[in-house]
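**Student:** Protein chains in written order, with the working numbering: chain Y, 1 to 94; chain Z, 1001 to 1488.
Only pairs whose alpha carbons sit at most 16 Å apart, straight line, appear in this in silico EDC-like list of lysine to aspartate or glutamate:
1. 78/Y with 1085/Z
2. 1349/Z with 18/Y
3. 83/Y with 1325/Z
4. 29/Y with 1417/Z
Keep in mind that the hints were calculated from the coordinates and are not lab data. Predicted, not measured: the structure shown is a model, and the values here were computed from it.
Each chain is listed here by its residues.
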Amino acid sequence: MSISKKDVEHVALLARLEFSEEELEEYTKQLNDILGYVDKLNELDTADVEPTSHVLPLNNVLREDASRDYLDNETALKNAPDKKDGMFRVPKIV
Amino acid sequence: MTVYSLTAHELHEKLKSKEISARELARAVLDRIEQLEPKVKAYLTVTAEQAMEKAAEVDRRIARGEELRPLEGIPMALKDNLCTEGIKTTCGSQILHNFVPPYSATVVEKLDREGAILLGKLNMDEFAMGSSNENSSFYPTRNPWDLERAPGGSSGGAAAAVAADEAVFTLGSDTGGSIRQPAAFCGVVGLKPTYGRVSRYGLVAFASSLDQIGPITKDVKDCALVLQAIAGHDDKDSTSADVPVPDYTEVLGKDIKGMRIGIPKEYFAEGLDSGVKEKIEAAIKQLQELGAVCEETSLPHTEYALPAYYLVAPAEASSNLARYDGVRYGFRDTEAQDVISMFRSTRSKGFGPEVKRRIMIGTYALSSGYYDAYYLKALKVRTLIRRDFDRAFAKYDAIVTPTSPNVAFRIGEKIGDPLSMYLSDLYTIPVNMAGLPAISLSCGFSEGMPVGLQIIGKPFDESTVLQIAYQYEQSTLHHQARPALEVR
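The following block holds chain Y by itself, in its conformation from the complex (with noise of 0.2 Å):
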């Protein structure tokens, strides 16, 4: 499969990146490269085989439902770019 400089700018959107038309030349290359060499699991056959989505026996972990102390509104802005009556403020979104 090879991957068009369309699809880079169609999944720069969807990571919410922006690219100058040079570096979408770049990365368009490069990712073609990169998929071109991935492409080598097709050598293998793995109609049967169950896929490794983490290597432990994972269960559900609960614990009672009952509250607890963890930051408060200011700590929790500290690091905020922008802030305003106790929230995060951002651009007009509609």
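Once you've looked at the hints, dock chain Z against the given chain Y.
**Tutor:** Same frame as chain Y, now just chain Z:
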């Protein structure tokens, strides 16, 4: 030997006998940092004042005659992706250049409770993505054995600091070799514990199914002591395993006679540097001298681990790094007029090229229409890689390989070619894919640079790995070599 060159267990004796105070020790290592940092650049932040205060506290405890714990008063440092309350944690990225965590990682709290003294935070490839530390968005760290060469990565600062005696031990993180490869390049000991052995709470996530925190130390005994301090289940990390933690020092000194060690032939194929190969073969002979039974074995899917990793890790990263949007912390591009443009320009200016490259690969691999062909395929190959190891461990107690196919390369040598950079993690990546414990320790020099020997163990069997590593180390003493960093 000067005080900053000593190991944690040697220093523990000196503190206990009051031959040296915790303050004198902290001061000595801080002075060393001040002298060497212009050359090595292992640190991003040095917390000298807090370190001296904490050392004074330890001295008061010693004066009161209280019992000294193994790491109490020992100066150490942390990779800058481990959250430290009130101390800047950048992940080597502009996007977190001003981030001060409101809480500490579990491992940080544990070391603090043990009385270890934090000297500062260490340089790394941005978001732990890289094999040379050249992807740090601040400055590259230099290899103490040759300042023109890379220290490896992504825990390059953590390995260089130990090699240069700028910390007695450090903690790094390992997603595809990021503890072991820099430990090999810098001639120190680095251990990636079994996935789940150490809590990841407070470790800035890269690829959550692969990441693991581990120690970088001057010798194997220190490695066992630090692992002891950080291992164990944590309620705050549901992927930390509820498995008993043994006494890791108990096995040190036990012989390895009759132990069965597999040598996978795929790790000695094309691509392995001849100088490295020679040292690894000599190390295998030494293990035989010590009584181990070493046999050639096969891990047939080895060559597929790297391509599978470069789908799985970026896929997880693209999801984990979605949180850096300029809203809650870190850098924000304030010029954008609407929220989507703000996300896009913040992320594009805040992330460096390698991070963006991996987010792009991961987003593509997870996107509609390509998920089955790429991501799911890689997860199935991951199963095949695990099975290779399962089969080998039915027969062997441990597996021995080179840590990296080459010694430390020159800064700038591979930065323009991402694929050739990825290949330096060829022998470490399969271990993360299978979630196994593995150590790297020095087995001599090639081209004047340290060569790393990797010992891989069964899940949760760090003890056997440490036992073999200790026997080898004590019979060769390669760990006593130090780089010549003249201080003017």
